[in-house]
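There are 2 protein chains.
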Amino acid sequence: MKNKLIGVDIGGTNIKIGILTKDGKIIHKTSIPTYSIVGDAYMRPLHPPEKPQDIVKRLCDAVKNLCYKNKIKLSEIVKIGIGCPGPLNSKKGIIYSTPNLFGWENFPLKKCIERHLKIPTVVNNDANSATYGEYWLGAGKGYSTVVCFTLGTGIGGGIILNGKLFKGIDDSAGHFGHTTIVPDGPKCGCGNKGCLEALASAPNMVKRAISKIKNGTRTKLIVLSNGNLNTITAKMIHIAAIQGDKFAKELLAETGRYLGIAVANVLNILNPEIVIFSGGMIEAGDLLFKHIRKEAMKRALPQPAKRVKIVPAKLGNNAGIIGAAGLALVGDNI
Amino acid sequence: MKNKLIGVDIGGTNIKIGILTKDGKIIHKTSIPTYSIVGDAYMRPLHPPEKPQDIVKRLCDAVKNLCYKNKIKLSEIVKIGIGCPGPLNSKKGIIYSTPNLFGWENFPLKKCIERHLKIPTVVNNDANSATYGEYWLGAGKGYSTVVCFTLGTGIGGGIILNGKLFKGIDDSAGHFGHTTIVPDGPKCGCGNKGCLEALASAPNMVKRAISKIKNGTRTKLIVLSNGNLNTITAKMIHIAAIQGDKFAKELLAETGRYLGIAVANVLNILNPEIVIFSGGMIEAGDLLFKHIRKEAMKRALPQPAKRVKIVPAKLGNNAGIIGAAGLALVGDNI
Chain U
2 MKNKLIGVDI GGTNIKIGIL TKDGKIIHKT SIPTYSIVGD AYMRPLHPPE KPQDIVKRLC
62 DAVKNLCYKN KIKLSEIVKI GIGCPGPLNS KKGIIYSTPN LFGWENFPLK KCIERHLKIP
122 TVVNNDANSA TYGEYWLGAG KGYSTVVCFT LGTGIGGGII LNGKLFKGID DSAGHFGHTT
182 IVPDGPKCGC GNKGCLEALA SAPNMVKRAI SKIKNGTRTK LIVLSNGNLN TITAKMIHIA
242 AIQGDKFAKE LLAETGRYLG IAVANVLNIL NPEIVIFSGG MIEAGDLLFK HIRKEAMKRA
302 LPQPAKRVKI VPAKLGNNAG IIGAAGLALV GDNI
Chain B
2 MKNKLIGVDI GGTNIKIGIL TKDGKIIHKT SIPTYSIVGD AYMRPLHPPE KPQDIVKRLC
62 DAVKNLCYKN KIKLSEIVKI GIGCPGPLNS KKGIIYSTPN LFGWENFPLK KCIERHLKIP
122 TVVNNDANSA TYGEYWLGAG KGYSTVVCFT LGTGIGGGII LNGKLFKGID DSAGHFGHTT
182 IVPDGPKCGC GNKGCLEALA SAPNMVKRAI SKIKNGTRTK LIVLSNGNLN TITAKMIHIA
242 AIQGDKFAKE LLAETGRYLG IAVANVLNIL NPEIVIFSGG MIEAGDLLFK HIRKEAMKRA
302 LPQPAKRVKI VPAKLGNNAG IIGAAGLALV GDNI
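Which chain is which? The protein sequence lines are U and B, in order. 335 is the number that the working numbering gives the last residue of the first sequence; the numbers go up by one with no jumps. 335 is the number that the working numbering gives the last residue of the second sequence; the numbers go up by one with no jumps.
Since the hints were made in silico from the structure, they are not lab data. Among the hints, erroneous ones may be present.
[As the list claims (entries may be wrong)] Quick list of the computed label-pair ranges, beta carbon to beta carbon:
# : chain 1 : residue 1 : chain 2 : residue 2 : range
1 : B       : P187      : U       : K58       : 54 to 60 Å
2 : U       : P187      : B       : K112      : 52 to 58 Å
3 : U       : G143      : B       : G217      : 44 to 50 Å
4 : U       : P187      : B       : I223      : 36 to 42 Å
5 : U       : K295      : B       : P100      : 20 to 26 Å
6 : B       : K194      : U       : H29       : 48 to 54 Å
7 : B       : K194      : U       : P187      : 18 to 24 Å
8 : U       : K236      : B       : K208      : 44 to 50 Å
[Unchecked claim] Calculated lysine-lysine pairs in the DSSO-like style (CA-CA distance at most 27 Å, straight line):
#  : chain 1 : residue 1 : chain 2 : residue 2
9  : B       : K168      : U       : K188
10 : B       : K188      : U       : K310
11 : B       : K194      : U       : K188
12 : B       : K142      : U       : K165
13 : B       : K92       : U       : K142
14 : B       : K165      : U       : K307
15 : U       : K93       : B       : K165
16 : U       : K310      : B       : K92
17 : U       : K26       : U       : K142
18 : B       : K188      : U       : K307
19 : B       : K168      : U       : K295
20 : B       : K307      : U       : K194
21 : B       : K168      : U       : K310
22 : B       : K299      : U       : K165
23 : U       : K168      : B       : K165
24 : B       : K299      : U       : K168
25 : B       : K208      : U       : K168
26 : U       : K307      : B       : K168
27 : U       : K299      : B       : K208
28 : B       : K194      : U       : K307
29 : U       : K299      : B       : K188
30 : U       : K168      : B       : K142
Cβ coordinates follow ideal geometry from the N, Cα and C atoms, glycine included.
Same shape as in the complex, but just chain U:
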């Protein structure tokens, strides 16, 4: 019986694969390394990068193995949904380029997978997939106008309007991470100055911390990192903040305020019902969210401010798989 979906979440480090029921329940799951990343956060090569064709071959083998192991026939799979870093063309299933994946320029991902597996495949941006997952079965369930900020190495996002993913005219909508927050702020990877990502992403929060510590700020982070500042992480900042470290608390507060400005702008532009934050940083809980909410409420107009809920995501690492599968299921009805 044709009643299952495959959801795939392609990341710089690994590829998560799931078999799902048509109502989005993950029944089996696996993960393979990507082997395509140019380097880690410090640009150290991790593995000889593979060509995208070879990665897709491994991906398809992993799908086949996962099905075989669980006694599911490929013929039971209705569709495959892929979430992939972009920019990309979701209609054609072509990846234009991805800063973190080596050699993926103009790569026909959809065609390549369909050739291997003979199953209709739908490709979408990774942040859009995660957003759709949260809308379909996560924190956004039951709402029709949903905005999601994805806090990873970078900051991405997605927009659901009237129950449909809004992609923009070139699959480039929802790039909240590259909205300008401080016009003369720090340089961003995109070339612009003062982007939200340059101010509030986990690596950039860590960078700010290290720079201030080097300038003499006293904080528990020095002890927690055994004096090796390069090992400081967002998680470590969270731990220090829980232990009452003022500097760490202020780092999270400042990051929350930057995110709050971006949220206020989105509220005044889109007037959504709910804004969801996903990614590792949301573990900081109210140490972060209190400041996001406060700044957003201060800056948004009364109507959109009164309406909106600002909440953490619910699906964790599964959002990408679930959303990719969900978007494959609804297909062009978007």
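We have chain U already, so just place chain B on it with the hints.
Frame of chain U; chain B shown alone:
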């Protein structure tokens, strides 16, 4: 034959009324004073403010007269579309409050007009009406994803997505004027700091000019205003800039850069095909647009930057009438 529309554009100073064909051509037009404004830009009372009920009575009389004079029967009118300052509820046709209109709190505008004229009436936000007008028959004709910035006393805006007006969940989408551009910037009328409106609206550009002149800046504006700085207008700044006045040119350039930041944010969030600017300030032409475009291109991501056109509106003062009528015609199919 039921084949005509009425479009109404309610402003703080006057109310514009038009009779249109169903394809949006204005065949007759009139205008009446609003008599509801609290005061002029300097808060001097202009006229004893009328109650909204009395204004609507005059509005309906003006509609009847316009029809009568032109030998059009009320029974030929399919629908009446109204553009009105908000916040408002477009489904119910209720105005929640309007900062510039006296006593309009929770006023049931739609019901009140329908009681007088017995013609189905549709109420929308004024900026949304102007946006829809430009989309339907102006600079946005032929595009499906359109953003419009309305540069008046304040800065408003509207969003057309896939050929439909996007209003947000409480009719509050498209408030580009209240997105934060400089977090610690000047105080805005809305209570927030550093809003686009506080930096780039015509009155605020004039305010900046006056403050700098008082601090000793030399400029032709002093002569053009006969030394009475309070008479400086955005138009006067434009004239000085055309005459080569460096200060005036830089005022427009600075205003353009602020607008450009807001445009870049909208491009990265919505990835539209076209961004339209309407309102008196667009007469400055390339003295303004060159800087809007340059700043937007610098800050937007490559895909949305490459795609978008940034252009002046085409319908001038008629956009509101045309758009209000158009939105009445499409009704809830939005």
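Which of the listed hints are broken here? 3, 9, 22 and 25
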